[in-house]
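Following the hints, complete the assembly by docking chain B onto the known chain A.
Chains A and B, in that order, are what the protein sequence lines are. With numbering that gives the first Met the number 0 applied, the first sequence closes on residue 128, and no number is skipped along the way. With numbering that gives the first Met the number 0 applied, the second sequence closes on residue 214, and no number is skipped along the way.
Please note: incorrect hints may appear among the correct ones.
Computed cross-link-like contacts, DSSO-like style, restricted to lysine-lysine with a CA-CA straight-line distance of at most 27 Å [what the hints assert, rightly or not]: (1) 9/B <-> 36/B; (2) 64/A <-> 134/B; (3) 2/A <-> 34/A; (4) 134/B <-> 65/A; (5) 11/B <-> 36/B; (6) 213/B <-> 11/B.
Label pairs and their in silico Cβ distance ranges [what the hints assert, rightly or not]: (7) 105/B <-> 27/A: 45 to 51 Å; (8) 101/A <-> 109/B: 24 to 30 Å; (9) 124/B <-> 15/A: 50 to 56 Å; (10) 136/B <-> 43/A: 20 to 26 Å; (11) 127/B <-> 46/A: 36 to 42 Å.
It should be emphasised that the hints constitute simulated quantities derived from the structure, not laboratory data. C-beta: ideal position from N, C-alpha, C; glycine also.
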Amino acid sequence: MTKILTPTSEHNVAAHDGLWMSPVDAERVTGWTLKPEGMCRADLCVPLPASALAPNEVDLEAFWKKLGGPVVASEARDVWALGAPAEERNVALEGLDAPDFTLPDLDGVPRSLSQLRGRKVFLATWASW
Amino acid sequence: MWQALYEELKDKGFMVVAVAQESRGAEHARPWIEQAKSSYWQLIDVEHRLEDLYNLVNVPQAIWIDEQGRIARPPETAGSTDHFRRMDLATRTMTPQDQAERLAARQAYLDAVRAWVATGAHALPGDEARAALPKVTPEIAEARARFRLGLWLRANGRAAEGDLQLAEASRLHPESWSLWRQAADLDEVGKASGPEFWERVQALGDRPYYPPAKL
Numbered sequence: 000m001t002k003i004l005t006p007t008s009e010h011n012v013a014a015h016d017g018l019w020m021s022p023v024d025a026e027r028v029t030g031w032t033l034k035p036e037g038m039c040r041a042d043l044c045v046p047l048p049a050s051a052l053a054p055n056e057v058d059l060e061a062f063w064k065k066l067g068g069p070v071v072a073s074e075a076r077d078v079w080a081l082g083a084p085a086e087e088r089n090v091a092l093e094g095l096d097a098p099d100f101t102l103p104d105l106d107g108v109p110r111s112l113s114q115l116r117g118r119k120v121f122l123a124t125w126a127s128w
Numbered sequence: 000m001w002q003a004l005y006e007e008l009k010d011k012g013f014m015v016v017a018v019a020q021e022s023r024g025a026e027h028a029r030p031w032i033e034q035a036k037s038s039y040w041q042l043i044d045v046e047h048r049l050e051d052l053y054n055l056v057n058v059p060q061a062i063w064i065d066e067q068g069r070i071a072r073p074p075e076t077a078g079s080t081d082h083f084r085r086m087d088l089a090t091r092t093m094t095p096q097d098q099a100e101r102l103a104a105r106q107a108y109l110d111a112v113r114a115w116v117a118t119g120a121h122a123l124p125g126d127e128a129r130a131a132l133p134k135v136t137p138e139i140a141e142a143r144a145r146f147r148l149g150l151w152l153r154a155n156g157r158a159a160e161g162d163l164q165l166a167e168a169s170r171l172h173p174e175s176w177s178l179w180r181q182a183a184d185l186d187e188v189g190k191a192s193g194p195e196f197w198e199r200v201q202a203l204g205d206r207p208y209y210p211p212a213k214l
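Same shape as in the complex, but just chain A (with noise of 0.2 Å):
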């Protein structure tokens, strides 16, 4: 099993040669849907190189790549991490709208920045180090 780390999620995969994969598990991974116009979520496609497709399979890697992401592995190459496109992150910013996010306090309830909607928000970050 290959281990798959997101921005916010974690995924075991069955991965051989990187990261070539099932089309199935390359959406549970990233939400993008391979089609016959390349790799889709809502309406937009990004059209995919005949090198990273095969038969039942597309390769992860060469896709996120695509799409500006970053891929970094560990030595073994048993563990990924696809990082946000850095245009995924200035786009959503310069929209100004606050992205929204989930974290947990001390006793594990999970909080949303968009549970505050209607207050004025300091949202403020602290470290022990």
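Frame of chain A, contents of chain B only:
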């Protein structure tokens, strides 16, 4: 840290969300949070997800978000100043003048938050807010992915391998104090503010450690 401000403004449609960038986890942050006796949200962000989403580089940074969920002020230093750079390292004290200036700067920042809550002052027009956003580069995006991978490897018994990823993340995103200091802290508690930290601060020269908010 923000409890007095929150108490003062909570009935005026104001909320504080404090997010600990804390890869050692909730229990490591607990003593600080309990000591703060805060009633606003105190959240734990082991993966530094907030820094990824908002392109942050240090703590404390703050983002002001209005009632519609729009960014009213992009990430900036939340009231801290560079006076600490001049402190006497043997006694860990600042001169009375530096202490006073530091306090005054923090007070001015808190006053700006108060004014924003009362009248909407200091909220930036969209184009100004947009122009003030730091850009995410492909190097920063890769640094985030390597940081995530490094934390996972460390958490799964592969510390040496994980540390290499964390170091590479810092190399790719040298402006991020958080990536470097978190990795240093994971290596050993205290290292994030040890001699290596001070060397890095010195190497800044005339550049700020905490760029002041442009209020």
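Taking 27 Å as the top limit, are the C-alpha atoms of residue 2/A and residue 34/A close enough? holds, 25 Å
For the pair we were handed, residue 64/A and residue 134/B, check the Cα-Cα distance against 27 Å. holds, 19 Å
Does residue 65/A sit within 27 Å of residue 134/B, going by the straight-line distance between their CA atoms? holds, 20 Å
Quick check on a hinted range of 20 to 26 Å for residue 136/B and residue 43/A, using CB atoms only. holds, 23 Å
Holds or violated: the 45 to 51 Å window for the beta-carbon distance between residue 105/B and residue 27/A? holds, 47 Å
Hint check: residue 11/B vs residue 36/B, CA-CA at most 27 Å. Holds or violated? It holds: about 21 Å lies between the C-alpha atoms, which stays within 27 Å.
Are residue 127/B and residue 46/A spaced within 36 to 42 Å by their CB atoms? At 38 Å between Cβs, range holds.
Restraint status (C-alpha distance of residue 9/B to residue 36/B at most 27 Å): holds, 15 Å
Do the Cβ positions of residue 101/A and residue 109/B conform to the proposed distance bound of 24 to 30 Å? holds, 28 Å
If you check the beta carbons of residue 124/B and residue 15/A, does the distance land in 50 to 56 Å? This hint holds: roughly 52 Å between Cβ atoms.
Please verify whether residue 213/B and residue 11/B have alpha carbons no more than 27 Å apart. Holds - the C-alpha atoms of residue 11/B and residue 213/B are around 24 Å apart, at most 27 Å.
In this structure, every one of the numbered hints holds.
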